[in-house]
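Colleague: Given next are the chains, with one letter for each unit.
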Amino acid sequence: EPEVTQTPSHQVTQMGQEVILRCVPISNHLYFYWYRQILGQKVEFLVSFYNNEISEKSEIFDDQFSVERPDGSNFTLKIRSTKLEDSAMYFCASSVSYNQPQHFGDGTRLSIL
Amino acid sequence: DAKTTQPPSMDCAEGRAANLPCNHSTISGNEYVYWYRQIHSQGPQYIIHGLKNNETNEMASLIITEDRKSSTLILPHATLRDTAVYYCIVRVAGAAGNKLTFGGGTRVLVKP
Chain A
1 EPEVTQTPSH QVTQMGQEVI LRCVPISNHL YFYWYRQILG QKVEFLVSFY
51 NNEISEKSEI FDDQFSVERP DGSNFTLKIR STKLEDSAMY FCASSVSYNQ
101 PQHFGDGTRL SIL
Chain B
114 DAKTTQPPSM DCAEGRAANL PCNHSTISGN EYVYWYRQIH SQGPQYIIHG
164 LKNNETNEMA SLIITEDRKS STLILPHATL RDTAVYYCIV RVAGAAGNKL
214 TFGGGTRVLV KP
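As you go down the protein sequences, you meet chains A and B in turn.
Numbering follows this note's numbering, with no gaps: position 52 of the first sequence is 52.
Numbering follows this note's numbering, with no gaps: position 97 of the second sequence is 210.
Because the hints were derived from the structure by calculation, they are not lab data.
Any given hint could be a false lead.
To be verified - Here are some of the chain A residues that sit facing chain B, going by a computed Cβ distance under 7 Å:
1) 43
2) 45
3) 56
4) 64
5) 65
6) 71
7) 98
8) 99
9) 101
10) 104
11) 105
Glycine included, C-beta positions come from ideal geometry on N, C-alpha and C.
So here's chain B without its partners, still in its complex pose (with noise of 0.2 Å):
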């Protein structure tokens, strides 16, 4: 699976969007980019996937670019209960690929 790099840690403020970077520049045709978060002491949730088209639900948004080196998370509304840890993971379709594999994330901190 590529490599994803995110930045450690960001801060941003309660009621305004948060945007979430994420290099996935070795990305392949097939692989799909998720992303999922880990507040304290929970276990991973999922938030949304894409493998080339923008998403969104009822969480957030995700973009992906045209060449799809990197993408953007987007909590549309930051409340205090968002703050976690946000992982961008990019994972092989495929049965033989179906392991998430998780990087360092980054800690987003939501701030009143």
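Bound conformation, chain A alone (with noise of 0.2 Å):
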């Protein structure tokens, strides 16, 4: 069974320093999706993106996020200059369509120091 992808599964960085994210989605699906869940805490929203643009985002996804496709497979996700309360673990997810279900991966765990 096709599954979401993501790299990778644990990632520890200085504060201050940008990271990526890597995902790649299930082949056929056009809609991609980024969450985190702080630890002990629920799954929250990031983002939504299709064709190539950012179709929602939440009051989390602020201007140290961005979200890009960079070819035909891979989604990453960016954070340009990483805060301690940023640790979390990152969830990508992709559907066929928007009224399809989304399908997750198991997760980036980001450690800032």
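Once you've looked at the hints, go ahead and assemble the two chains, each given alone in its own frame, into the complex.
Modeller: Shown next, in the form of structure tokens:
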């Protein structure tokens, strides 16, 4: 069964550094998403992306965050200058269309020191 | 999106059916009910969704009341691997509302 894959599984970064989290969505999917989950808290929506542009973003997704689909297979989340509070699990998801189920990867654990 | 209410936790016996309730009394006519689960340290896993008819797939059944104000997810024969947090999510069917809003879910513990 096709699945969403995320790399790396764990990323440790110094505060203030840039980090890029990578995702390979399911191949025929057209809608892409990032969510995050701070330890012990709820899964929170960050951004959705379709047709090479952001279709929706949350208040969390400020100017420090950006997303990109640099080629036909990867979908990335960049945090420009990381803060301690960015430490969380980051989940990528994809769906065939906007009204079909989203399928999630197993996440990247981001630890900011 | 309409708010959902789920019990914070429940236990069930291995091999028995697990019935997980969800209240969504403010649901609108164009909102679907989705169920996801999250096994420890993994990403959320899609289980099933429905609008107003009952639905069944290889993982579970979804029973939606006629007034659509509540639903029940049924795991027909719970196994230890079904131990997870289960999320009931109501989502508008439309391009502008395709984000998922997760609540606290129900922590299900399947016991031998």
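Colleague: Could you tell me which of the hints above the structure violates, numbers in ascending order?
Modeller: The structure conflicts with hints 4, 5 and 6, although it agrees with all the remaining ones.
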